[in-house]
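Colleague: Read off the chains here:
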Amino acid sequence: MKRSYKFASFAVSAAVLFAGCSGGESGGTRPDIVDDPIDLPPPDSDEWKRNPTKDLACAEPLTTNTLSSPMQRLSNVEIANSIRALLAGVADPAQIPHVTSLAPESGRFGYTNNVAGQEPTRVFADALEEFAVRSSAAAVSNLAKLGCANTDGSCVGKFVRDFGKRVFRRPLTDVEVGNFQAAYDEARKAPYNFDHAMALETVVGSLFQSPQFVYRIEEGTGDVTENGGKSLSGYDMASRLSYLFWDSMPDADLFAAAERGDLSKTAEIEKQARRLLNDDRSRQAVLTFYNEWLHFDRFSANVSVPVKDRAFFPDFSDAQSEGLKAGFHRTVESAFFDGDHSLEAFFASSRGFVNDDTASIYGVEKPGSKDLVEVQLNAEQRAGIITNAGFMSGLSHGTEGASILRGGFVMDRLLCAPSPPPPEDIVREIPFSQTEAITYRQRVENTAEKGQCASCHMALDAFGFLFENYNPIGAWQDEEQARFKGETFRLPVDSSSTISGTLDLDGAYPNAIPFMKKLAKSEQAAQCLVENWWLWANARTELEEDGCAIVPLTTAFLKSGGDMQELLVELAKSAPFRFRSAAQ
Amino acid sequence: MEFEKKLRFSRRSLLKASALSPLAAQLLPELTNVAYAQNSVPTNFIVFYTYQGNWPDQWASGTGRNFQLSPTLKALEPFKNDLILTKRLFMKSAELSPPGDNSSGHPQGQVHSTTSIGPPSGKPIRDGNPANGPAGPSIDQAIYEDLNAQAGGTKVLKKLTPVDSIQMQILDRSVSPPTQMLGRISYTSTIGASGYAISKPPVQSPDTAWKNLFETYAPGGGGTVAGGTPSNEQLRFAQRKLMLKYAGGQFNSLKSRVSDIYGATTADRLEAHANALNEIEKGLPQLSAGGGTVPDPSGGTTNALCKVPERSTMPNPKVDPVSGMSRASGWWGATKEYMPKLLQLGIACGRTRFAAVQVEDSGFPDVHGWHHDQRKDLTIPFHTDMAAQYANMLKLLKDIPTADGKTMLHNSVVLWCGELGSGATHATNDLHWMVAGQAGGKWEGKTGQLIDYNNQTPHTNLFLSIASAMGAKLTAFGDPRVNPKPLTEF
Numbered sequence: 001m002k003r004s005y006k007f008a009s010f011a012v013s014a015a016v017l018f019a020g021c022s023g024g025e026s027g028g029t030r031p032d033i034v035d036d037p038i039d040l041p042p043p044d045s046d047e048w049k050r051n052p053t054k055d056l057a058c059a060e061p062l063t064t065n066t067l068s069s070p071m072q073r074l075s076n077v078e079i080a081n082s083i084r085a086l087l088a089g090v091a092d093p094a095q096i097p098h099v100t101s102l103a104p105e106s107g108r109f110g111y112t113n114n115v116a117g118q119e120p121t122r123v124f125a126d127a128l129e130e131f132a133v134r135s136s137a138a139a140v141s142n143l144a145k146l147g148c149a150n151t152d153g154s155c156v157g158k159f160v161r162d163f164g165k166r167v168f169r170r171p172l173t174d175v176e177v178g179n180f181q182a183a184y185d186e187a188r189k190a191p192y193n194f195d196h197a198m199a200l201e202t203v204v205g206s207l208f209q210s211p212q213f214v215y216r217i218e219e220g221t222g223d224v225t226e227n228g229g230k231s232l233s234g235y236d237m238a239s240r241l242s243y244l245f246w247d248s249m250p251d252a253d254l255f256a257a258a259e260r261g262d263l264s265k266t267a268e269i270e271k272q273a274r275r276l277l278n279d280d281r282s283r284q285a286v287l288t289f290y291n292e293w294l295h296f297d298r299f300s301a302n303v304s305v306p307v308k309d310r311a312f313f314p315d316f317s318d319a320q321s322e323g324l325k326a327g328f329h330r331t332v333e334s335a336f337f338d339g340d341h342s343l344e345a346f347f348a349s350s351r352g353f354v355n356d357d358t359a360s361i362y363g364v365e366k367p368g369s370k371d372l373v374e375v376q377l378n379a380e381q382r383a384g385i386i387t388n389a390g391f392m393s394g395l396s397h398g399t400e401g402a403s404i405l406r407g408g409f410v411m412d413r414l415l416c417a418p419s420p421p422p423p424e425d426i427v428r429e430i431p432f433s434q435t436e437a438i439t440y441r442q443r444v445e446n447t448a449e450k451g452q453c454a455s456c457h458m459a460l461d462a463f464g465f466l467f468e469n470y471n472p473i474g475a476w477q478d479e480e481q482a483r484f485k486g487e488t489f490r491l492p493v494d495s496s497s498t499i500s501g502t503l504d505l506d507g508a509y510p511n512a513i514p515f516m517k518k519l520a521k522s523e524q525a526a527q528c529l530v531e532n533w534w535l536w537a538n539a540r541t542e543l544e545e546d547g548c549a550i551v552p553l554t555t556a557f558l559k560s561g562g563d564m565q566e567l568l569v570e571l572a573k574s575a576p577f578r579f580r581s582a583a584q
Numbered sequence: 001m002e003f004e005k006k007l008r009f010s011r012r013s014l015l016k017a018s019a020l021s022p023l024a025a026q027l028l029p030e031l032t033n034v035a036y037a038q039n040s041v042p043t044n045f046i047v048f049y050t051y052q053g054n055w056p057d058q059w060a061s062g063t064g065r066n067f068q069l070s071p072t073l074k075a076l077e078p079f080k081n082d083l084i085l086t087k088r089l090f091m092k093s094a095e096l097s098p099p100g101d102n103s104s105g106h107p108q109g110q111v112h113s114t115t116s117i118g119p120p121s122g123k124p125i126r127d128g129n130p131a132n133g134p135a136g137p138s139i140d141q142a143i144y145e146d147l148n149a150q151a152g153g154t155k156v157l158k159k160l161t162p163v164d165s166i167q168m169q170i171l172d173r174s175v176s177p178p179t180q181m182l183g184r185i186s187y188t189s190t191i192g193a194s195g196y197a198i199s200k201p202p203v204q205s206p207d208t209a210w211k212n213l214f215e216t217y218a219p220g221g222g223g224t225v226a227g228g229t230p231s232n233e234q235l236r237f238a239q240r241k242l243m244l245k246y247a248g249g250q251f252n253s254l255k256s257r258v259s260d261i262y263g264a265t266t267a268d269r270l271e272a273h274a275n276a277l278n279e280i281e282k283g284l285p286q287l288s289a290g291g292g293t294v295p296d297p298s299g300g301t302t303n304a305l306c307k308v309p310e311r312s313t314m315p316n317p318k319v320d321p322v323s324g325m326s327r328a329s330g331w332w333g334a335t336k337e338y339m340p341k342l343l344q345l346g347i348a349c350g351r352t353r354f355a356a357v358q359v360e361d362s363g364f365p366d367v368h369g370w371h372h373d374q375r376k377d378l379t380i381p382f383h384t385d386m387a388a389q390y391a392n393m394l395k396l397l398k399d400i401p402t403a404d405g406k407t408m409l410h411n412s413v414v415l416w417c418g419e420l421g422s423g424a425t426h427a428t429n430d431l432h433w434m435v436a437g438q439a440g441g442k443w444e445g446k447t448g449q450l451i452d453y454n455n456q457t458p459h460t461n462l463f464l465s466i467a468s469a470m471g472a473k474l475t476a477f478g479d480p481r482v483n484p485k486p487l488t489e490f
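Chains V and D are the protein sequences, given in the same order. Using the numbering used here, the first residue of the first sequence is number 1, and each one after it goes up by one. Using the numbering used here, the first residue of the second sequence is number 1, and each one after it goes up by one.
Keep in mind that the hints were calculated from the coordinates and are not lab data. Bear in mind the structure is a predicted one, so any value in this text is a computation, not a measurement. One should not assume that every hint holds.
What the hints assert, rightly or not - Cut-off 20 Å, straight-line C-alpha distance, at most; resulting in silico cross-link-like pairs (EDC-like, lysine to aspartate or glutamate):
{"no.": "1", "chain 1": "V", "residue 1": "Lys265", "chain 2": "V", "residue 2": "Glu566"}
{"no.": "2", "chain 1": "D", "residue 1": "Lys245", "chain 2": "V", "residue 2": "Asp185"}
{"no.": "3", "chain 1": "D", "residue 1": "Lys211", "chain 2": "V", "residue 2": "Asp126"}
{"no.": "4", "chain 1": "V", "residue 1": "Lys165", "chain 2": "V", "residue 2": "Glu259"}
{"no.": "5", "chain 1": "D", "residue 1": "Lys211", "chain 2": "V", "residue 2": "Glu130"}
{"no.": "6", "chain 1": "V", "residue 1": "Lys485", "chain 2": "D", "residue 2": "Asp373"}
{"no.": "7", "chain 1": "V", "residue 1": "Lys518", "chain 2": "V", "residue 2": "Glu344"}
{"no.": "8", "chain 1": "D", "residue 1": "Lys282", "chain 2": "V", "residue 2": "Asp504"}
{"no.": "9", "chain 1": "D", "residue 1": "Lys282", "chain 2": "V", "residue 2": "Glu186"}
{"no.": "10", "chain 1": "V", "residue 1": "Lys559", "chain 2": "V", "residue 2": "Asp494"}
{"no.": "11", "chain 1": "D", "residue 1": "Lys245", "chain 2": "V", "residue 2": "Asp126"}
{"no.": "12", "chain 1": "D", "residue 1": "Lys80", "chain 2": "D", "residue 2": "Asp452"}
{"no.": "13", "chain 1": "D", "residue 1": "Lys211", "chain 2": "D", "residue 2": "Asp57"}
{"no.": "14", "chain 1": "D", "residue 1": "Lys245", "chain 2": "D", "residue 2": "Glu233"}
Only chain V is shown next, with the shape it has when bound in the complex (with noise of 0.2 Å):
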């Protein structure tokens, strides 16, 4: 359990690092987090001392789940898919609520869909009435298409077994319709006296709110192995699949196989993973993984013109800004759907999406389009998602370099191994040479590389030097801008950078290039990538035995030539994923 706090570091690490290196006021934006940041273990705690990949060591394989399965709560998007494909063909989508109508999520632990962050506060159920208010209106402006145009009530019950078993994913007890049949009954009568809409749309409105449709409780089948797993039963695994793939509720194929009991067998869910995998759906709830696992929901705020510094970069545009992000997003989903969905191509092709706006930062060619066209980068300057220039953006401050925040991502998203935050008593600046024009890395080696803060940030500073090739908006350069008296001076740029203290990236390296196609095959981010999606599909923050779960799946990750399609693949088909424990 102590590692969860591990887990969550880097965004408090880093939004502090952010603002005290910036080196000026920063007028941007960045996304709406409303939480408080996390209590940390102390810097010098022994929490921060364990190599977590050596951690996720595990005897055997599990052969059903001992592992915890919190109870979920369906994430905001969650609710607006699911609200959407309830309602699809039946109300106009344009009356259906947009998922930013619900209240803002936590940050706080790694991932917005992690249960522990999932407070169920007044400001989430106000804005989850609101939401089901006027979902349920939509729903009720056409009774026919809803399945229930009876106006004298009595289609209601069937009603109410039909629609809210979708609702629920799983078949209404008799008490339950028995509760929404009273509901639109109450209704009906004095003092109320709705028509059948308004009270149907009243049935509909407390279904959207009921806890059987927030969260997913997973009754199970009953049965028990010897191992202590807890076998799910088929609806508890359709919507196990299907938030998985689709950040959605499951659709009628799902319901069909759970019904016929056919998700308790492998090869099924191999067949379902495939299919919803192939279906357009899974390409936004992919993003979504990947936008939180690299924090690019977060980071790409800092990619706009507001936030970069006018006199260095006067021609940055919203149009760039736009054009490089969804360039970054249209890289994700082409490196996890197009070509071999290999990690290594992830992490090292030199492929990339860019339109008129952002060819020049990219160096290349206007494709002669606004939209985002598939080009070949110089290889010498990109090398898989990392560097791509909307990403290395948004890594960036608004003027100078970015190394403790880039380095500091490495470490924590990329391997899994995220640095302690600074002490709270040190002054966090990154103070200008009173004597000559300097670097940023320079001012970094002269300040944080030394006394208290050297141990730690000498390990982190050495990843994020292998980026200074990458100016704030992305771009590539050998040379970098540096202010001095007044004046700007335009300074060689060292991304050369020695690592040491990892699984397998140990070495020496001339910049960022050499690096990441390393990364692109080290076991070490391969199994940090696993890990990330095992917590993202438990909505958690870790434990120590997850290895048991992370390391088989690592282990076929690599078999299959680190195929990120496959390992979700694999993921559905895991014994951890498709057991719970009996004995929480």
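Go by the hints and put chain D onto chain V.
Modeller: Just chain D, lined up with the frame of chain V:
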């Protein structure tokens, strides 16, 4: 469609309003001697908040009663005698902040400007977090909480008005990111687990502003008379109450089952959710057996003749179904037009007395960078527009007559402030702020002057003067090291 055209007033109402000013005639035709048909007219407090500071030489010159407004502030000429201009206050609390609080410029100004206090000891201002993170309440909430307590209210029990306060944002959602200066300016005295004060986020949509102000408004005055025919609005509240009742019932029936499957802690989470639903349900008006609703327990001064526009006439953000981004063409204009008028209506109808209106700079792309570039020529239109919006707010208040023979502006304090002094330097001194209104008569004879504080007086002092004028008995506010005292000129 213009705002006024969407309001559904009857012809009879319009005829009755003919004696009022033109705008009031269109908006609130039946308010004369009704909205404030009480012995004493309550005083309102509005924080009008704009970004990027000012150009000090493009503000106002002179001193005392002999002062001149610059062309940038030309829109305020009609209100010159309603204003007290406070030139060159400074955020002393920001200067006292510890080294860790090094987020200079916007975030720091945003935190200190309305609260006069920095982040909790040893913690940073949360740069990039809309709830930037002061350790104490903002002046609007501090005054509200004090007056509410004086009236016998609590944090939960609202004794002043049905809606404690409203926070609004005027912004352009069609640009991305939708705001350039994300931030919050209203903070309650409730402190979160990490030591930061809990903020009150602004609403960005007139539709939501309507909801917050008028959702529980029951035409008929002071609640409604049982036995009458319920309005459509009342039926909708009743429907929501029913939804919550039956959804809430599901929580109760599931709790023991969830406890069996997941344990007591998870079941407690479910119970907390059920409690939240229960709170919402309780807050909605009850439909009585004979129809109508029971009286509003909050003791609001709802006006029987106050006409509230239909919610369906409020603009809603349009959503791009492909990108998922909330966008709305013309949103800047829509929020500029609707938010102040909804606030005017909200105050006139006795729904609230406290408001914070944040005018984002997103309606003027690049205005932030232009300040850094010292482009006075390009930023003057921005400041001129901000002044015009402030003037519009004052006009809307002055248009509404009150029972004491004065106007809503007379019975208000409208503070125009922001996060910076000079926009070019991004510093938190050189604050060129102003207040408007006579605070219900307490500032009569005081308005119509410019006072130069020469960067020697903390802005906290102004807050204490406002609190005093509002009748609040604040014994302390903000960072105690500031040692504030009310301004003698007030």
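Colleague: Which hints from the list above does the structure break, by number from lowest to highest?
Modeller: 8, 10, 13
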